[in-house]
Each structure stands twice: as structure tokens, then as C-alpha cells.
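Engineer: Take a look at the letters that make up each chain.
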Amino acid sequence: MSEPTMPAPDAASRTIAPIITVSAARIDADAVTAALSGSGTVGALVTFTGYCRDEGGRLKALELEHYPGMAEKQIAKIVQDAARRWPILGAAAIHRHGLIMPGEEIVFVACTSAHRGAAFAAASFLMDFMKTSAPFWKREHLVDGTVGGWVEAKDTDEAAADRWHRL
Amino acid sequence: MKLAYFAWVRERIGIAEEEVSPPAEVTTVADLLLWLKGRGETFDAALQAPEIIRVAIDHEHVDHAEPIAGAREIAIFPPMTGG
Chain G
7 MSEPTMPAPD AASRTIAPII TVSAARIDAD AVTAALSGSG TVGALVTFTG YCRDEGGRLK
67 ALELEHYPGM AEKQIAKIVQ DAARRWPILG AAAIHRHGLI MPGEEIVFVA CTSAHRGAAF
127 AAASFLMDFM KTSAPFWKRE HLVDGTVGGW VEAKDTDEAA ADRWHRL
Chain X
387 MKLAYFAWVR ERIGIAEEEV SPPAEVTTVA DLLLWLKGRG ETFDAALQAP EIIRVAIDHE
447 HVDHAEPIAG AREIAIFPPM TGG
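So the protein lines, in turn, are chains G and X.
The first sequence begins at 7 in this note's numbering and counts up by one.
The second sequence begins at 387 in this note's numbering and counts up by one.
Just chain G, same shape as in the assembly (with noise of 0.2 Å):
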């Protein structure tokens, strides 16, 4: 797991140092945002934490495989992204992989900004594009015992990246 980094001190820069990390570690919220956070140029900080749900009682870990290497580079691809289209001042975008238990949090990205909007947009981008771009499977493993199958990508996953080309 790779160490938190700070985001660039300049204001004014669209090129930011965002907080990049894949692993199987759980996700430390709160000194991720504490690492965002704080300095004087930052007025709004927006996070998504995405977990993993039981399915009713019927789910007992959700596998996460994915692409090692080309993972982080697509997810370091998104964050630039997001930075040409808003004046973010700093982001984490932070996938884990591996078994992951109901309850536990799988995503976490966070973005902050001089003003709420660009944060919020921002955040919105990178989760739809975490979906359906960054190299990630879910596997379901069910409460008797079996594995279950590959979860299916969702049409209105495609959709909801899909309209960031028409903005």
C-alpha cells in the first residue's frame, strides 16, 4: 500500500497529486480526508465510500480481482481527468481487492475544492468511471459455502459515465 501523498499546494494548479492506492488493506477514511484537508485553500471536501451489502442475508464476501498495474495507471487516468474538467484542489481514489465482507468498504474517493460544486462533480465523475473503466471483477461468494458467480456489468453503470460525454 502505497503512502497517502498531499495534494499540490498550488491553488491555481489543474495538475493535482492525488492519493492513488489498490490494495487489500481496509480504507482509512479519515486520515485520507485529514491528508486532503486542512489547508487553508480548501472550502469544500466531497467523499463516496462504496460498500459491500449481505443481498439480503444471502452474500458472504464479495471476491474482488483485478488488474494489477493497469489498475492504478486507469484509476491515475481518471483523477487527470477529473482535474482538467474542474478546479479540484486535491483527490483520493482508493480500490481495495481481495475478499472483501459485507459491511466492509470496497471504494472510497474523495475530492476537495475553493467551492462545493466542482467537488461534488468531480467526486460523481471519478465513482462512475471506477465503475466502468478502472480494471475490477466482483465475484460472489454465498453464505453455504459456494462461490456464486460473476457479478454483470449494470447498463445504468454505462449510462451514468456514459452522460459526462454530453456534458
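Calculated from the structure, these hints are not laboratory results.
Just to be clear, a hint being listed does not mean it is correct.
Unchecked claim - Restraint ranges, calculated between C-beta atoms of paired labels, are given here:
| hint | chain 1 | residue 1 | chain 2 | residue 2 | range |
| --- | --- | --- | --- | --- | --- |
| 1 | G | Ala-35 | X | Lys-423 | 18 to 28 Å |
| 2 | G | Gly-46 | X | Glu-403 | 43 to 53 Å |
| 3 | X | Gly-400 | G | Gly-104 | 14 to 24 Å |
| 4 | G | Gly-62 | X | Glu-404 | 35 to 45 Å |
| 5 | G | Ala-82 | X | Ser-407 | 24 to 34 Å |
From the three backbone atoms N, C-alpha and C, an ideal C-beta is built for every residue, glycine too.
Fit chain X to the given chain G structure using the hints.
Structural biologist: Then chain X, alone, in the frame of chain G:
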């Protein structure tokens, strides 16, 4: 070139990666998928709907018209379901 397979594509083929030397007439991603599909039952099962298969060359997403010349690593996988 190295091929890497992920998720149900990997499971159906039965291996995670391999070195291949496709024939000279295989020039694009679409050609490669068709050639792989003809390599046996496991490949046919994994690639029966090539249009939904996603491909990355050297860690970058590409479409099926992309030339494969010069590729070091080509990854073949289903639509992504992270997040």
C-alpha cells in the same frame, strides 16, 4: 506477445496468461479475438460473444479495430464491475 486473461474469461480459458505468436494475418484486436476463439473449446466458450469482450494493450483500453503490432501485453476481460 503476452496475453493476460481476467475474471470469467480467465476461468473459461483455464489459464491466467500465456505467450503467443499469432500468424501474420492477425493484425487487429478483432482478428486476435477471432484467432483465439478458434484455438479450442475453452477459448470458444470464453469468446463466444467477442463484441462484449474488453481489451487493453499495454495497460490502455483499446477498441477492437486497434492494431496489435508492437504490443507487449494484451489483456482480455469482461466488462468491468468494480466500485
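Engineer: Against this structure, judge whether each hint is valid.
Structural biologist: The hints, checked one at a time:
| no. | hint | verdict |
| --- | --- | --- |
| 1 | G:Ala-35 <-> X:Lys-423: 18 to 28 Å | violated, 44 Å |
| 2 | G:Gly-46 <-> X:Glu-403: 43 to 53 Å | holds, 49 Å |
| 3 | X:Gly-400 <-> G:Gly-104: 14 to 24 Å | holds, 22 Å |
| 4 | G:Gly-62 <-> X:Glu-404: 35 to 45 Å | holds, 40 Å |
| 5 | G:Ala-82 <-> X:Ser-407: 24 to 34 Å | holds, 32 Å |
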